[in-house]
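Position chain X relative to chain P; hints supplied.
Order-wise, the sequence lines are chains P and X.
Take any residue in the first sequence, note its place counting from 1, add 610, and you have its number in the working numbering.
Take any residue in the second sequence, note its place counting from 1, add 610, and you have its number in the working numbering.
Worth double-checking, as some hints may not be accurate.
When chains are identical, the list treats them as one kind, so a pair holds in a single copy or across two.
When the alpha-carbon atoms are kept at most 27 angstroms apart in a straight line, the in silico BS3-like pairs for lysine-lysine are as follows [unchecked claim]:
#1 LYS662 - LYS612
#2 LYS1004 - LYS993
#3 LYS662 - LYS680
#4 LYS681 - LYS655
#5 LYS985 - LYS637
#6 LYS612 - LYS655
#7 LYS985 - LYS882
#8 LYS978 - LYS942
#9 LYS942 - LYS1004
#10 LYS1004 - LYS637
#11 LYS826 - LYS925
#12 LYS680 - LYS655
#13 LYS833 - LYS882
#14 LYS869 - LYS978
For the record, the hints were derived by calculation from the structure and aren't laboratory data.
Protein chains: 2
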Amino acid sequence: MKANISGFPEFLPNEQIVFNRILQSIKDHFELYGFVPMETAAVEKVDVLLAKGNDNEIYGLYRLADKSSKKDLGLRFDLTVPLARYVSQNAGDLIFPFKRYQIAPVWRGERPQYGRYRQFYQCDVDIVGDGTLSIDHDAEIISLVTWALSTLRVPDFHTKINNRKILTGFFSQLVEPNKLIDAIRLVDKSDKISPEEFESGMIELLNNEKDFSKVKTFLETDKRGSMEEILNWLQSLSLGDEFAQGVEELSTVVQILRKLGLSNERLKISTKLARGLTYYTGTIFETVFDDIKDVGSIAGGGRYDDLTTTLGNSKKYPGVGATIGISRLVPKFIELGMVTVDKKSTADLLITVQDRSLVPYYMKLANKFRALGIKTETYLQDKPLGTQLTYANKKGINLVLIANEMEILDSKAIIRNLKTREQKVIRTEFIGNEVKQIFDSFA
Amino acid sequence: MKANISGFPEFLPNEQIVFNRILQSIKDHFELYGFVPMETAAVEKVDVLLAKGNDNEIYGLYRLADKSSKKDLGLRFDLTVPLARYVSQNAGDLIFPFKRYQIAPVWRGERPQYGRYRQFYQCDVDIVGDGTLSIDHDAEIISLVTWALSTLRVPDFHTKINNRKILTGFFSQLVEPNKLIDAIRLVDKSDKISPEEFESGMIELLNNEKDFSKVKTFLETDKRGSMEEILNWLQSLSLGDEFAQGVEELSTVVQILRKLGLSNERLKISTKLARGLTYYTGTIFETVFDDIKDVGSIAGGGRYDDLTTTLGNSKKYPGVGATIGISRLVPKFIELGMVTVDKKSTADLLITVQDRSLVPYYMKLANKFRALGIKTETYLQDKPLGTQLTYANKKGINLVLIANEMEILDSKAIIRNLKTREQKVIRTEFIGNEVKQIFDSFA
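Bound-form chain P, shown alone:
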């Protein structure tokens, strides 16, 4: 992978083919669940972006020729805020629960660093309800993401799950209401900072310094055994209504996922999971590799019940969704040699040209193969046959058609397999199913 501008990665063609193949597989899974494609414009109004975004990250737009122009437009930083805006605007034309996927680039004006891009793809899948949305959909989304990732044959991974209400319920016992978001943000960062930094930061927020040990114990779910043991422990805590509701929601989602076959290796409750974005209100989850640490999360998402209302719509359209971070995954797969970036081009057959005065004939011949669904190139540069065969070899096109003037007059051509060096003579008058069968058996 290369980059023209730091943070804006670009693939070479063979890498792009791998990327597209993975994207297509994810898309197929989304459609197998009945999600419809949707595409919002890349550009949003700045006030919509700022309602849920951090202005550090947002790119604004201006017309080069017109520096005094109104600066009211910017590039989207995720696909969830545009979804909420779209649903608010088009609710009358949508069928609820509205299930859509969107696979598209987003932009963040960050300083580029390893694995952090300023343009990257998100594969988002969301379900939005009209007024209400069953908690079962939270389990459905996690199940879909797990299944989509499994069939990509990626290395072992697991999904951490939590509920925002558990975090807010717990911390509202220990900090002032106006410090709640800061406390959750600090939990979100806890894996990236030192234990000392975490401790001093948290003590600053707590009403009572002595509560830090409670916080520490509460966040150490990974030492508490199976999901069922963790759920039992959480259910035993009396930390108010919001906390109890969060535990109940978590329990429902986990139980469904257990029955769908997700083991304790694949699904782990983590009270430390917070997710950075502020719009989550219930279930939150994040999928990470078991052993590969430096790619961060490979998927993540959660429940957002109030996103449309914070965008100014009086009506509630609660949603739950996930995003798969394909832009970080694919380069990692390539780096680890987990996907084969071979020189296979998209062409199956190269028609070589030996008599330049007959170029239209060769081009017509190519069209006959294309009509059969065979991806076919015609070599149109004025080069000797040897150069044409080298081109086929370089591009990984295994089959070439060779015909000189005499053979053309005789309606014959040779198809040669460059790997096995076998060749067969075909008749060129009628290139139909018969030739296709010869072709397939040969390819």
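Frame of chain P; chain X shown alone:
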């Protein structure tokens, strides 16, 4: 179609499905010709954009939080300039002739008007040579675009073809070198302005006012009969080497296309065709509907021999390419009722839920159908069966699976066709090929 921000169109889901279907068909055609997918970042350096773009049209980027930041980045306004930049940078890793397609949005900061968008898709297909590129590729590109459009079953269309060398050769006899580009721009605009405006504008540029009649006669190719007659006439004119070379190139391309079956109805030589962009150096073409006038061109392109050198590369990578204007086409097709925007969702089957305590069972059942490639939704909202069937009807899902607790215990379920009202009982233990056959015969 709706727009959140004027000039930034957004589809409703059913329209998006139509749009994606058309895009997929175009992509399939590109791949049948052996083109590989490529994707450049949406963001380019401003100096690259300005080398061939009009600053009126270009959107620059800035970070919202940081208004004094370097303003050196902007959004691409087409896909050809990024291609030339990409080829210059990655030539060592590419195989030439490099054949790539890119289907992606571009942005232009124009005042929005009917059919003019500020964000729109381009479907670009280009062939780039290393040093040289055979003129035969010009014919190949036009043939590909014609074929791709034909199979979309669009209304009758034809392709106008010309050669920039013919225009520059002709006008270099009549205007000063520094007025050449203005003269060609004026020709490009001639269909959009009044004959009087064209005349006065042209007379201002001409060395000799009396030459206007020559210009007028020269541009009236549509009155001169068949392509062969026009070529004969052009060949009879003595207007210098560049002109003669342009006529020869045009003749080569037209002859190949004639032999590939393009009739005088489908292909028309037009000396009036100029194409706005400045990077074209040879063949230029534009495809328009015969009878639908208000969508402008549906495809267009041409040869650009010097694009990489104007971007500062000392080496020449001549290219020829086309772009299909899908963003304008699809809304027009929908408006004219030429494509069916039905309520067909992407799901084939809806699993209804009658016993909410058995939700995981229904979800597992759905997975079994998905494993067979059947697009399946599970209805997870807590609603009576009637509401669930209404949902299926609204979304155009014809088949529903219905099973109550008793049936589930008995490993049975009913599949009902909502259109024909037929229904069949299936066994749910093994949902394999047998069920798939029942399913297919039934759907």
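Hint numbers not upheld by this structure, sorted from lowest to highest: Violated: hints 7, 8 and 11.
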